[in-house]
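Participant: Quick note, the sequences are listed as chains A and B, same order. Using my numbering, the first residue of the first sequence is number 1, and each one after it goes up by one. Using my numbering, the first residue of the second sequence is number 1001, and each one after it goes up by one.
A hint or two may mislead.
[Claimed, not checked] Listing some non-contacts, in silico: residues in chain B with all C-beta distances to chain A over 12 Å: (1) Val1031; (2) Glu1121; (3) Glu1197; (4) Gln1206; (5) Glu1247; (6) Asp1251; (7) Glu1261.
[What the hints assert, rightly or not] Straight-line Cα separation of at most 30 Å, DSSO-like style, residue types lysine-lysine; simulated pairs: (8) Lys1058/B / Lys1103/B; (9) Lys70/A / Lys1145/B; (10) Lys70/A / Lys1103/B.
[As the list claims (entries may be wrong)] Far from chain A by the CB rule (all over 10 Å, computed), these chain B residues: (11) Gly1046; (12) Pro1059; (13) Gly1147; (14) Glu1155; (15) Val1159; (16) Lys1161; (17) Asn1165; (18) Pro1195; (19) Asp1258; (20) Asp1260; (21) Ala1264; (22) Thr1287; (23) Asp1323.
If you're looking for bench data, these hints aren't it; they were derived computationally from the structure. Computed from a prediction, not measured in an experiment: that's the story for all the values here. Note that the Cβ used here is the ideal one computed from N, Cα and C, for glycine as well.
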Amino acid sequence: MALAEVVAVWIGGWLLNARLARVGGPAGRWLPPVVFGLTLLLLWELVVRGFAVSPVLLPAPSAVLVAILKEWRTLGRDVEQTVLRGALSGYVIGCGAAFLVGIAVDRMPFLRAGLLPIGNFASALPIVGMAPIMVMWFGFDWQSKAAVVVLMVFFPMLVNTVLGLAAAEPMQRDLMRTYAASDAQTLAKLQLPAAAPFLFNGLKICTTLALIGAIVAEFFGSPTVGMGFRISTEVGRLALDMVWAEIAVAAVVGSAFYGTVALIERAVTFWHPSQRV
Amino acid sequence: MKRWFAGAAAAAMLAGGTASAEAVTLQLKWVTQAQFAGYYVAQEQGFYEEEGLEVTIKPGGPDVAPPQVMAGGGADVVVDWMPSALAAREKGLPLVNIAQPFKRSGMMLTCRNDSGVTATESFPGHTLGVWFGGNEYPFLSWMSKLGFATDGGPEGVTVLKQGFNVDPLLQRQAACISTMTYNEYWQVIDAGLTPEELTVFKYEDQGVATLEDGLYVLEAKLADPAFVETMAKFVRASMKGWKWAEEHPDDAAMIVLDNDETGAQTEAHQKRMMGEIAKLTAGSDGTLDPADYERTVETLLTAGSDPVITKQPEGAWTHAVTDLAFPD
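Could you build the full structure based on these sequences and the hints that come with them?
Facilitator: Now the structure itself:
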């Protein structure tokens, strides 16, 4: 019986989408993904209800929604602690430092030979090993989470910066020289614009890394607020609906963070072929 | 719901049908250590075999929640603490306590004297380390009994979620941290602090102790007499293991070491742990004392604004197994 319902919903969603896709136009473009998402949620709900899956193993999406609506104050405080304090400050510090180091590396081949391997080494450090050490150094609050995020985002940003700054072609550099452009002028007018697609690539990769780092770092000691704290505690209480609520919020916040950077990229690098629609 | 029960009953019947082999899987709450010596002793000394049982002992760890293993069908019986088991019960996973080898709680708060905390009155304004994930409720209940807020205000205490080590105390990030009499307290001592430099508050003395290591099974399975009989044999053999471990603590510690597949435990630490564990299991024949249960429930129900259980649990324990195991 439950199986029949599940199959019926699946086929129904499929047929509906097939029809919508044929309609075309804006509706044909926007509706199918929405229908697909809703069908998945509905299937999840039916499977959990129909097969009486224990809420300890997998709560129904409706239960997760209820948890979000009921606990939105707690979720908001957790987002503030983990995203705004931990992830964002670590992201700004880590990406900023990597950008400055990248410029230095680009100027001095000596640093390129010395610093890149160190950056590579730092990125290979496992987060579960670094997080407890950062907690020991920087205390329990968001500062230690930001430190973990700095470690996580530094290398991807550095590599992208260095690659980007090298993207300007020799002919273009020669042209700048014939204009008697100074180093700073070459950097500002040629190298940085040419590097922009690479820089944004790094910034986009780092949005999700920052969020993961800030959440996981909270597993190793934290004040009594934060998304990682909530996830690890609520798992212990078997409040899996709350865990999924945090996961849903983390997914939405992470996508929004990524989307914001992508929008800025579109505005800044409008001239790049990849941005042409 | 009806269908679920039918399925569970069918599963129980299947389990009953293969009762001749009498295989039992036990999920521990934590890694292999002297905290679970009784079960390893019963295994190694052949007490399970004498009862005709074939027992598989699965060690746990920081990422293993025994109730979840139970819900996934990975174990017949689990070792868990009562707050966690009652929370699981309220969340729709009906665990039932069938035996309680640990009479006393080993949880305590260990404070550095030089932080200025030497009595409960001096808690306000200090940072206290607490384990979360179900272990925070006795603490919250204690604080609400003392009348201290736990939101970090100057009148109350600041709570931090401590990890699985004692660093916050050594680094002076916290004035006090949670420790077990048999484990973390000795890590503090090993790190160079002397007992004279420390003040300990035992939850047992503070009247907020909750029942620790007990044996839990799924309620639906208890409807099957064959399962109850198997559990009675299991509890009887396990308690025989515990009493043997109490009498031969050093030998028991060595048995635990032999079973530690990770090789992470040391002989000195396990012998010391076994000595402390024996104090907690002493005086229990495995039968749950309803008065201890009542105190645990009361402690949990008064745990501040966000209690782990919101209503009086019903049917959370039974003497059916221990009555069968110890008929006198």
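Participant: If a hint holds in the structure, say so; if it doesn't, say that too.
Facilitator: Comparing the hints with the structure gives:
| no. | hint | result |
| --- | --- | --- |
| 1 | Val1031 | 17 Å, holds |
| 2 | Glu1121 | 23 Å, holds |
| 3 | Glu1197 | 21 Å, holds |
| 4 | Gln1206 | 21 Å, holds |
| 5 | Glu1247 | 35 Å, holds |
| 6 | Asp1251 | 34 Å, holds |
| 7 | Glu1261 | 21 Å, holds |
| 8 | Lys1058/B / Lys1103/B | 23 Å, holds |
| 9 | Lys70/A / Lys1145/B | 28 Å, holds |
| 10 | Lys70/A / Lys1103/B | 39 Å, violated |
| 11 | Gly1046 | 35 Å, holds |
| 12 | Pro1059 | 18 Å, holds |
| 13 | Gly1147 | 19 Å, holds |
| 14 | Glu1155 | 17 Å, holds |
| 15 | Val1159 | 5 Å, violated |
| 16 | Lys1161 | 5 Å, violated |
| 17 | Asn1165 | 7 Å, violated |
| 18 | Pro1195 | 24 Å, holds |
| 19 | Asp1258 | 29 Å, holds |
| 20 | Asp1260 | 22 Å, holds |
| 21 | Ala1264 | 16 Å, holds |
| 22 | Thr1287 | 27 Å, holds |
| 23 | Asp1323 | 29 Å, holds |
When the structure is compared with the earlier hints, violations turn up for hints 10, 15, 16, 17 and for no others.
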